[in-house]
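Student: Chain by chain, the residues:
Protein chains: 4
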Amino acid sequence: MAFETTTEVRFAHVDAAGIVFYPRCFEMLNAAVEDWCADELGVDFRTMHADRRIGVPTVKLSVEFASPGMLGERLTISLHIRHVGRSSCQLGFAFAGDGRERLKGELVLVCMDIEGKKAVPWPDDMRARMTEGLVPTL
Amino acid sequence: MAFETTTEVRFAHVDAAGIVFYPRCFEMLNAAVEDWCADELGVDFRTMHADRRIGVPTVKLSVEFASPGMLGERLTISLHIRHVGRSSCQLGFAFAGDGRERLKGELVLVCMDIEGKKAVPWPDDMRARMTEGLVPTL
Amino acid sequence: MAFETTTEVRFAHVDAAGIVFYPRCFEMLNAAVEDWCADELGVDFRTMHADRRIGVPTVKLSVEFASPGMLGERLTISLHIRHVGRSSCQLGFAFAGDGRERLKGELVLVCMDIEGKKAVPWPDDMRARMTEGLVPTL
Amino acid sequence: MAFETTTEVRFAHVDAAGIVFYPRCFEMLNAAVEDWCADELGVDFRTMHADRRIGVPTVKLSVEFASPGMLGERLTISLHIRHVGRSSCQLGFAFAGDGRERLKGELVLVCMDIEGKKAVPWPDDMRARMTEGLVPTL
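Residue numbers (my numbering), protein chains in the order written: chain A, 257 to 394; chain B, 257 to 394; chain C, 257 to 394; chain D, 257 to 394.
What the hints contain is simulated information worked out from the structure, not anything from laboratory work. Any given hint could turn out to be false.
One side of the interface only, derived from the structure: several residues of chain D facing chain C at Cβ under 8 angstroms [unchecked claim]:
#1 I275
#2 K316
#3 P324
#4 G341
#5 S343
#6 S344
Quick list of the computed label-pair ranges, beta carbon to beta carbon [as the list claims (entries may be wrong)]:
#7 D/K360 to C/H339: 16 to 26 angstroms
#8 A/A375 to D/T387: 21 to 31 angstroms
#9 D/R308 to B/K373: 35 to 45 angstroms
#10 D/D369 to C/R308: 43 to 53 angstroms
#11 D/K373 to C/K373: 35 to 45 angstroms
#12 A/E296 to D/T387: 46 to 56 angstroms
#13 C/R338 to A/E296: 48 to 58 angstroms
All C-beta atoms in this analysis are idealised placements derived from N, C-alpha and C, irrespective of residue type, glycine included.
Just need the whole structure built from these sequences, with the hints factored in.
Tutor: Following this line, the structure appears as structure tokens:
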């Protein structure tokens with residue numbers, strides 16, 4: 257039921273200590289959310305922003321970093337829908353690489369009208385797809 | 257008792273919706289932690305990494321984004337020490353701009369030996385300064 | 257005649273080799289261009305993009321990296337106007353830190369209408385200010 | 257004779273004007289150089305930095321931006337070796353997307369000893385592979 261995508265730890269991602277600089281993890285996470293919107297919800301970010309004039313800013317985020325990713329490592333990023341609200345969506349996420357969990361956490365996205373810069377209900381097509389993908393919390 | 261530093265929302269920080277792209281907040285937050293280490297703990301990041309061979313990776317993070325920062329806005333970032341452990345330190349943080357709270361959260365830093373890539377106890381000088389700056393949780 | 261601004265090499269800027277990762281130099285350079293627009297041309301980036309609906313994309317760039325900047329270093333970035341065209345502006349730039357030249361180069365900005373995504377002549381107020389600041393090429 | 261790799265314009269890459277923020281192009285370019293080192297020279301960046309203790313900083317760069325890349329666009333990045341020196345290598349590069357040239361330019365890499373932070377001759381294995389891939393300048 258989880259959505260999975262992969263990425264690679266690039267030179268641009270690592271710090272002077274040779275491990276992933278944590279703000280870069282969120283660039284990777286956002287790219288995974290982009291893939292999820294395009295592949296699972298049927299609306300890519302360009303269409304969403306340019307044509308439908310909605311954005312999906314992250315309004316809440318919590319993460320635990322279990323072990324640092326290394327340069328050159330291929331990461332698998334998995335996303336699970338936890339809860340779908342009127343204009344919000346809670347996603348669980350995890351990064352794994354080299355056979356180990358690298359980090360895991362949760363985020364809440366909100367559907368935002370770009371002009372008005374305020375929350376609006378999910379469009380029906382996106383909500384329908386999210387509800388299908390819902391993973392029951394154990 | 258809080259440490260404060262300021263920064264500015266640059267063109268590099270904003271997204272296609274005209275608001276701060278959230279991974280950039282953590283670049284700003286890390287810069288604030290750098291200022292805090294230099295000014296409050298007496299050890300700048302260069303000395304810490306190059307000479308003392310320790311790093312302070314973030315191992316836990318939670319954030320709530322209250323309102324989006326805008327291009328050109330001057331942000332005040334405040335940090336509060338919540339708890340000092342043997343090799344960890346919990347910090348509360350908040351960003352304010354244009355008279356409003358932009359985000360707030362907590363993070364846990366760990367003192368890491370760069371060669372061994374594992375947690376080590378805080379050096380005495382850093383621990384002493386942290387303990388002085390401790391803010392009692394209400 | 258040159259415009260100068262300062263910045264600092266942050267942890268977010270350095271790579272696994274402990275020196276500035278060169279794409280980060282252009283984030284710093286763009287921030288210097290932002291300061292120059294606000295301070296010298298009298299139009300900050302927010303007003304320019306949000307209200308006047310023009311952008312100033314970089315259409316040409318050449319750089320020589322003389323010596324790598326180090327973590328914690330305070331950099332002085334200087335900008336010189338070389339040539340002002342109908343809708344373009346050529347700027348020379350240099351970064352110095354720790355008493356040494358770090359890099360120098362040239363860039364060409366173009367005044368772009370954001371809606372139409374095409375070049376437009378400089379607004380009179382910006383052109384007038386640029387012309388005043390012109391540095392004759394030797 | 258050219259080396260080609262692909263990437264995608266992500267939300268993290270675009271600016272408030274909805275087009276690629278040019279410093280992000282160099283993050284993409286560096287990733288292409290990483291792919292080229294791994295695939296064409298037989299030495300991935302992790303091995304190069306961590307084991308062989310050499311880096312390949314960019315010491316010279318020139319670029320012309322022909323047309324701005326858009327969010328969601330798939331880019332093809334091509335690299336051509338122009339010249340191989342004792343410790344340097346000149347590469348031509350071009351980005352194409354949506355059937356158009358987005359940018360093209362040249363860069364010079366230098367083989368650097370990470371400990372000594374100075375230029376050293378290319379290792380024989382890397383030089384041999386580069387020489388094979390040399391594209392005659394027309």
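Student: Evaluate each hint against the coordinates.
Tutor: Here is what the structure says about each hint:
no. : hint                                 : verdict
1   : I275                                 : holds, 7 angstroms
2   : K316                                 : holds, 5 angstroms
3   : P324                                 : holds, 7 angstroms
4   : G341                                 : violated, 15 angstroms
5   : S343                                 : violated, 15 angstroms
6   : S344                                 : violated, 12 angstroms
7   : D/K360 to C/H339: 16 to 26 angstroms : holds, 22 angstroms
8   : A/A375 to D/T387: 21 to 31 angstroms : violated, 59 angstroms
9   : D/R308 to B/K373: 35 to 45 angstroms : violated, 20 angstroms
10  : D/D369 to C/R308: 43 to 53 angstroms : holds, 49 angstroms
11  : D/K373 to C/K373: 35 to 45 angstroms : holds, 42 angstroms
12  : A/E296 to D/T387: 46 to 56 angstroms : holds, 47 angstroms
13  : C/R338 to A/E296: 48 to 58 angstroms : holds, 50 angstroms
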